[in-house]
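Here is how the chains run, residue by residue.
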Amino acid sequence: MEFNKKKVTDFLSNNAIVILLVLLVLFVGFTRKGFFSGPNYSNIITNVTPRFIIALGVSGCLITKGTDLSAGRMVGFGGVIACTLLQRPDYTAKFFENLPQMPLVVVLLIVMLITAFFGLLNGCVVAYLKVPPFLATLGMQTIVYGINLVYSGADPIGGLRSDFTGVATNAIFTVGKFSFKWLFLIAIAAGLIFWFLYNKTRYGKYMYAIGGNENAAEVSGVNVNRSKLKIYTLAGLMYGLAGFLLAAKSGGASVNLGLGYELEAIAACTIGGVSTNGGVGKVSGILLGVLVFELLKTSMQYLRIDTSYQFIVQGIVIIVAVALDIRKYTAKK
Amino acid sequence: MSDYILQMKNISKSFPGVKALDHVCLNVRPGTVHALMGENGAGKSTLMKCLFGIYKKDEGQVIFNDEEVDIKDTNDALHRGIAMVHQELQPIPDRSIAENIFCGRYPMKNIGPVQIVDHARMYKETEELLKEVNLDFNPKVKLGTLSVSQMQSVEIAKAVSVNAKIVIMDEPTSSLTENEVEGLFDIINKLRSKGVSIIYISHKMEEILKISDEVTIMRDGTYVGTWPANELTTDLIIQRMVGRELTNRFPPRFNEPGEVVLKVENFTSIDPRSFRDVTFELKKGEILGIGGLVGAQRTELMEGLFGVRHIEKGTVTYKGETIKIHHPRDAIKKGIALLTEDRRATGIFGVLSISDNVGVASLDKYIDYGVVLNNKKLESLVKDNIDKMSIKTPSTKTQIQSLSGGNQQKVIIARWLANDPEILILDEPTRGIDVGAKYEIYTIIADLAKQGKSIIMISSEMPELIGMSDRIMVMCEGRVTGFVDSKTTTQEEIMSLATKYM
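Chains as they are written, first to last, in our numbering: chain A, 7 to 339; chain B, 645 to 1146.
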């Protein structure tokens, strides 16, 4: 009997944040109108998808005991590049005046390659120069922001082609008032690919091994440096994709696109069970974390909490999530 | 006044799902060395942690100095005069010896209304304390520049500095050489003559019989009994620890050394203080022991061979072909495996499952279509190994950190066997492992040699070295000082080679 009680308390403390937020969502859902509705679901999922993709990218860095603070700025840069290349031909303030119409896929690839290049740089600095990931990516955050300012001249870019914005707005099919958009399909595909990578390939096994014990991984013949390089590059690739989708969703982009998204992504990962101690984390957990964090924000909107206070609450949730995670590992000693 | 300084009566302690201590007793007389023995998992460390205030006992009485006490935390224990020298030392390497000793209770002085650390007094007291433990160091020296045994002496000095009546030593000799052990025993004798009691935890029988006055034996969280040390023998202790008779400490070996597979010549480290001009040969199916004191650069030599450390010069000839090894990957490809000395630092992936721990070095063999891991094949490999080596675990998904040291070691051996290596380098393969599990590991080593694998085994335990190897290479200060045949050699001969340049 006592054994079971212990199990229950363990479960409660290990999932405290998720449980609290589920209660909050239920409370909001039953007291406010419109929360449990097709359009709201659709809206929440639309917001979740780019964040999920960013969180997937960051998760690899976190699992190997690193981090990536440049995520948000890379998303912003990716979004701005996509917008400059995908403006309507008849738009008056075109960024590149004589740019021919490019297929969406080509632009997406260009964006992803550029952000992947910055990810690769992150990886090189972390793996070969041995700069702590926190500082390496903090530096990269500023660099990418600066490049974005130079590139865009700090002007917001608008007048996007409708096929571009359609990626985020057009529905593939609709059930009642819930519309299933292209965006969702891309997020599902990204989730599946990451699940496959993490569970079925050497890439994943080595990633967990490096996070679990980097020295042991090295002695076991794992090419630690190359693995890290791949992880940070893949992260960059995902930021590009997320930036592309986010720009399509917003119908435009400025240098401030994606500001602070790295923290949200890291928080979501931690809430979803990716340990800052390394070696632990699942794709399903990341999805849960992103979902829970987004629901928190939506709930606060429905409760009409001032946006300024929302920031304070989000910050607290991030710190509490990490504190609870660390507690799991210190308790074992 | 009773006969005992410390009486622990009917102590019980449970963790979720396990009863770690079940009505255990321990009675320690003043001014004696009391050995606490038992296999890993017998509950020795748990009992000591209850005494030192790291764990709270569920039931039972602790009577210290004729007074029933309830020790709240480690600070409380220190104030009462109970100190502990930990199994794994936890020093602050970049701070001075004095600061390490007085950390958390610096002597203070007042300058007007402000309290500041009284450095002069701290250094002076440290100097006196260091004399007590036969160390001749400036108290301002950074702790990190000391050797492991010297750091341990500093730990003991710390225990002395709180005027401890009882000092708990948890495996104090696990990383010391025989010479350093002598030094430790001198310090222990000094403390004993001053009336300090020492609770001494160790797996090493010879030591226990030599240093202790009384021995308490535990098995599976229960109290077996307490005997005067002079009434005990190694065999009797083992018998009582494992609850069965162990007639042989080492399994019979049937391996037959064949042709030379590995030739190492003039192997020299880029670090001038490390190994120099090492030349040796290894035969197929041979167990080559490597003896020497800690600091003889045996581990460094093997890490150099495995590509973890860089070499200045030297050649490695493997099956008649000269090979270059720059990275562990190169060595692994050639069929060389290294079981590292420090299991926790460079061996296990604590949070990962047994399967992942076994698979990590051989994933290339379990790839379909160029990318997809064949988890089924991997799983059956893991299950085979669990059966073959009788690894005790609830499932293959269990985190390796929840297993005992012996089982962890077997999992790592399984990792390397999955690569089907020709040469296995085992660095202190039985360190921190209990008697029963040691025998099982010896059996595995003997089997491998019989199958024709070549084995290099570093060991600091003389009986193990002599009992398990065919030949022994002895090193001192980075150089090879001789080869001996283990059938004819003696501990004295090895010792004199190991101290040749000292």
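Hints listed in this document are in silico derivations from the structure and should not be mistaken for laboratory results. In this text, a Cβ means the ideal position worked out from N, Cα and C, and glycines have one as well. Among the hints, erroneous ones may be present.
[Said to hold, decoys possible] Simulated DEER-style distance windows between Cβ atoms:
{"#": "1", "chain 1": "A", "residue 1": "N221", "chain 2": "B", "residue 2": "M752", "range": "22 to 28 angstroms"}
{"#": "2", "chain 1": "A", "residue 1": "G164", "chain 2": "B", "residue 2": "R973", "range": "29 to 35 angstroms"}
{"#": "3", "chain 1": "B", "residue 1": "K1009", "chain 2": "A", "residue 2": "L141", "range": "48 to 54 angstroms"}
{"#": "4", "chain 1": "B", "residue 1": "I1011", "chain 2": "A", "residue 2": "G145", "range": "35 to 41 angstroms"}
{"#": "5", "chain 1": "B", "residue 1": "D974", "chain 2": "A", "residue 2": "L115", "range": "35 to 41 angstroms"}
{"#": "6", "chain 1": "A", "residue 1": "Y134", "chain 2": "B", "residue 2": "F894", "range": "33 to 39 angstroms"}
{"#": "7", "chain 1": "A", "residue 1": "G257", "chain 2": "B", "residue 2": "G788", "range": "56 to 62 angstroms"}
Against the structure, the hints:
1. The supplied range of 22 to 28 angstroms is broken by A/N221 and B/M752, whose beta-carbon atoms lie about 40 angstroms from each other.
2. Checking the proposed 29 to 35 angstroms range against A/G164 and B/R973 shows it is violated: the Cβ atoms sit about 52 angstroms from each other.
3. Separated by about 38 angstroms at the C-beta atoms, B/K1009 and A/L141 break the suggested range of 48 to 54 angstroms.
4. The given range of 35 to 41 angstroms is respected by B/I1011 and A/G145, whose C-beta atoms sit roughly 37 angstroms from each other.
5. Between B/D974 and A/L115 the C-beta distance comes to about 37 angstroms, which sits within the given range of 35 to 41 angstroms.
6. Judged by the Cβ atoms, the range 33 to 39 angstroms given for A/Y134 and B/F894 is violated: they are separated by roughly 47 angstroms.
7. The hinted window of 56 to 62 angstroms between A/G257 and B/G788 holds, with their beta carbons roughly 59 angstroms apart.
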